[in-house]
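Residue numbers (the numbering used here), protein chains in the order written: chain A, 57 to 400; chain B, 57 to 400.
Calculated directly from the structure, the hints in this document are not laboratory data.
Errors might be hidden in some of the hints.
[What the hints assert, rightly or not] Below, a list of computed lysine-lysine pairs in the DSBU-like style, where the Cα atoms sit at most 35 Å apart:
# : chain 1 : residue 1 : chain 2 : residue 2
1 : A       : Lys359    : B       : Lys263
2 : A       : Lys344    : A       : Lys383
3 : B       : Lys344    : A       : Lys383
4 : B       : Lys383    : A       : Lys359
Number of protein chains: 2
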Amino acid sequence: MAKAPVTFESIVGTEGLPQRRAIAKAITLLESTREDHRAQADELLTALLPRTGQSFRLGISGVPGVGKSTFIETLGLFLIERGHRVAVLTIDPSSSVSGGSILGDKTRMERLSVHERAYIRPSPSSGTLGGVAEKTREAMLVCEAAGYDIVIVETVGVGQSETAVSGMTDMFVLLQLPNAGDDLQAIKKGVMELADLVVINKADLDKDAATRAQAQITSALRLFGHQGHPDHASMARDAHGQVLAQWVPQVLQISALGGVGIDAFWQAVSRFRELQTANGRLALRRQKQALAWMWERIDAGLKQAFRHHPQVRELLPQMVEQVSHGKLPASTAARSLLSAARTG
Amino acid sequence: MAKAPVTFESIVGTEGLPQRRAIAKAITLLESTREDHRAQADELLTALLPRTGQSFRLGISGVPGVGKSTFIETLGLFLIERGHRVAVLTIDPSSSVSGGSILGDKTRMERLSVHERAYIRPSPSSGTLGGVAEKTREAMLVCEAAGYDIVIVETVGVGQSETAVSGMTDMFVLLQLPNAGDDLQAIKKGVMELADLVVINKADLDKDAATRAQAQITSALRLFGHQGHPDHASMARDAHGQVLAQWVPQVLQISALGGVGIDAFWQAVSRFRELQTANGRLALRRQKQALAWMWERIDAGLKQAFRHHPQVRELLPQMVEQVSHGKLPASTAARSLLSAARTG
Chain A
57 MAKAPVTFES IVGTEGLPQR RAIAKAITLL ESTREDHRAQ ADELLTALLP RTGQSFRLGI
117 SGVPGVGKST FIETLGLFLI ERGHRVAVLT IDPSSSVSGG SILGDKTRME RLSVHERAYI
177 RPSPSSGTLG GVAEKTREAM LVCEAAGYDI VIVETVGVGQ SETAVSGMTD MFVLLQLPNA
237 GDDLQAIKKG VMELADLVVI NKADLDKDAA TRAQAQITSA LRLFGHQGHP DHASMARDAH
297 GQVLAQWVPQ VLQISALGGV GIDAFWQAVS RFRELQTANG RLALRRQKQA LAWMWERIDA
357 GLKQAFRHHP QVRELLPQMV EQVSHGKLPA STAARSLLSA ARTG
Chain B
57 MAKAPVTFES IVGTEGLPQR RAIAKAITLL ESTREDHRAQ ADELLTALLP RTGQSFRLGI
117 SGVPGVGKST FIETLGLFLI ERGHRVAVLT IDPSSSVSGG SILGDKTRME RLSVHERAYI
177 RPSPSSGTLG GVAEKTREAM LVCEAAGYDI VIVETVGVGQ SETAVSGMTD MFVLLQLPNA
237 GDDLQAIKKG VMELADLVVI NKADLDKDAA TRAQAQITSA LRLFGHQGHP DHASMARDAH
297 GQVLAQWVPQ VLQISALGGV GIDAFWQAVS RFRELQTANG RLALRRQKQA LAWMWERIDA
357 GLKQAFRHHP QVRELLPQMV EQVSHGKLPA STAARSLLSA ARTG
């Protein structure tokens with residue numbers, strides 16, 4: 057570890073306060089694609105791992121304009137006031153596609169970002185969603201080891217990034233605007249199924265619409281939410297075979313700008329955390345997430361190695377051509393390419 | 057080809073009528089997992105390929121009890137009467153999981169199965185869904201080459217088999233019962249999004265309920281159906297830039313047992329086929345399906361080779377154990393396993 061650019065000690069610091077500069081350096085190391093950096097990063101991660109897992113991992117998603125930044129800033133300051141340390145990480149699918157970013161502008165969360173008990177890190181700006189998600193998961197471990205006890209992972213409601221965020225957090229919160237139709241979009245994309253909690257933000261702008269939306273989303277959750285999700289369908293039982301209490305997804309109204317409802321929101325999150333800890337689902341969820349993550353990375357690695365194999369690169373264009381035009385059965389092409397990848 | 061157990065010629069027959077025994081033999085060969093059979097099968101498929109693609113591929117799905125067998129038998133006899141040759145293939149996810157079968161009982165489609173212009177083949181009874189789907193795709197090619205001009209691929213509405221069937225057919229039809237709630241289930245599972253046509257069977261049992269269901273599903277299709285599907289969102293244009301007519305998913309009422317509505321059903325299918333041929337989407341869909349199928353088989357092959365690699369088999373149990381218990385970062389475990397698979 058002597059030659060590694062960042063050590064576990066440098067991240068935690070000597071005064072007990074996380075060292076934000078060392079954390080940033082560590083995350084940059086994790087994001088590097090250089091082979092030697094990757095070896096250092098693996099070493100660092102393994103050293104950090106025993107100190108991780110004590111934080112609560114909160115995923116937050118919502119369409120652009122729903123008020124995610126304001127909500128997270130208000131929540132972050134609220135939590136810091138109560139003695140917590142808050143890290144905010146972002147998965148922004150737009151930044152890897154277009155180079156631009158929906159979430160990355162510098163003026164976001166001005167008050168939270170300068171606070172010494174907060175750490176904010178924007179989305180890695182290149183790579184596939186799977187790669188970006190991997191970097192964010194690793195950055196989360198660094199933040200946890202550094203002593204942040206609340207890690208918020210934020211994403212914008214486009215593409216598959218919600219699935220990625222819900223797959224790395226303990227609780228997934230969906231922010232909605234107080235107008236109908238939004239919920240249908242969320243159902244359509246299968247996002248409602250992921251939500252442990254739905255928050256209607258800007259509820260003060262139109263109280264009636266917010267109340268209608270709350271009723272509508274509550275009934276949508278009953279139809280499309282967790283209850284029917286295979287992950288949640290089985291009943292957890294204690295040692296005596298008693299069915300343990302299970303979380304039922306809820307819908308809250310808040311106004312992040314006015315600071316209204318943040319208290320109730322955090323109470324709901326705390327109840328969720330207690331319940332999921334008591335019935336063992338929090339530990340189970342993390343275990344499943346870790347294994348799923350391992351297999352996802354293996355699949356991605358296998359595909360990448362395949363596509364970069366010299367024989368495959370040579371054969372692929374003509375195979376694609378022939379399969380497209382019905383001159384070669386797809387399964388035969390697949391077998392030829394697989395056997396090409398096995399040789400030299 | 058001299059030593060191959062089945063040849064292209066044996067399938068087509070000398071009298072112009074398909075040879076059902078040779079077809080069955082060919083499909084059995086395709087389903088074999090023996091290496092030498094697989095080589096023969098690839099040879100046979102490549103020989104057949106130029107004679108495939110002329111049929112219309114119709115996917116049919118619906119929950120148990122919706123009346124799929126009766127519908128397919130009635131439709132099959134209707135089509136044979138009009139000069140068609142009909143092959144019916146089945147993908148039954150239950151048969152690979154439990155060894156039992158929801159769809160496989162022998163008494164199904166009694167009249168159709170004995171007809172010389174029909175060929176019925178039950179689901180391959182082992183393997184993953186991906187493997188079963190591959191065998192069914194290949195069996196479809198054999199049937200096409202043998203001169204069946206309508207190939208029906210049937211599946212039961214459980215699990216992911218609908219996606220597999222819609223991914224190998226020109227048109228995907230969803231059978232529903234005339235009661236509400238069903239459509240919501242289909243929306244939830246994302247099946248409504250796949251449907252080109254929804255058929256309410258047993259409509260004569262409760263005419264009012266059927267009419268309500270028709271209205272409900274029509275509006276659900278508008279929200280969740282093709283229109284919002286990326287595959288269908290772009291407008292096809294002709295050489296002069298004119299937008300070509302596009303298929304709009306429809307909902308029909310029928311009674312398969314009474315033979316009511318089969319005519320209207322086939323008219324709708326024929327309109328679909330004409331339209332999709334004229335606007336080029338049928339050819340495009342098949343091209344996409346063939347490439348997707350190739351990549352799916354490649355992925356499955358890569359995963360299988362990985363899991364069978366001796367180094368991986370040796371390392372995997374301890375890696376899973378350590379990742380599950382938070383002793384090793386998932387990404388580090390993935391990298392170790394990938395590098396183990398690359399050596400020797």
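Holds or violated: are the alpha carbons of Lys344 of chain B and Lys383 of chain A at most 35 Å from each other? 14 Å, holds
Taking 35 Å as the top limit, are the C-alpha atoms of Lys383 of chain B and Lys359 of chain A close enough? 27 Å, holds
Pairwise hint evaluation, Lys263 of chain B against Lys359 of chain A, where the allowed Cα distance is 35 Å at most: With Cα atoms ~52 Å apart, Lys359 of chain A and Lys263 of chain B exceed 35 Å; violated.
Decide if the proposed pair is consistent with the structure: Lys344 of chain A and Lys383 of chain A, CA atoms, cutoff 35 Å inclusive. Violated, because 43 Å separates the two Cα atoms, which is more than 35 Å.
Violation of the numbered hints given earlier is confined to hints 1 and 2; the remaining hints are satisfied by the structure.
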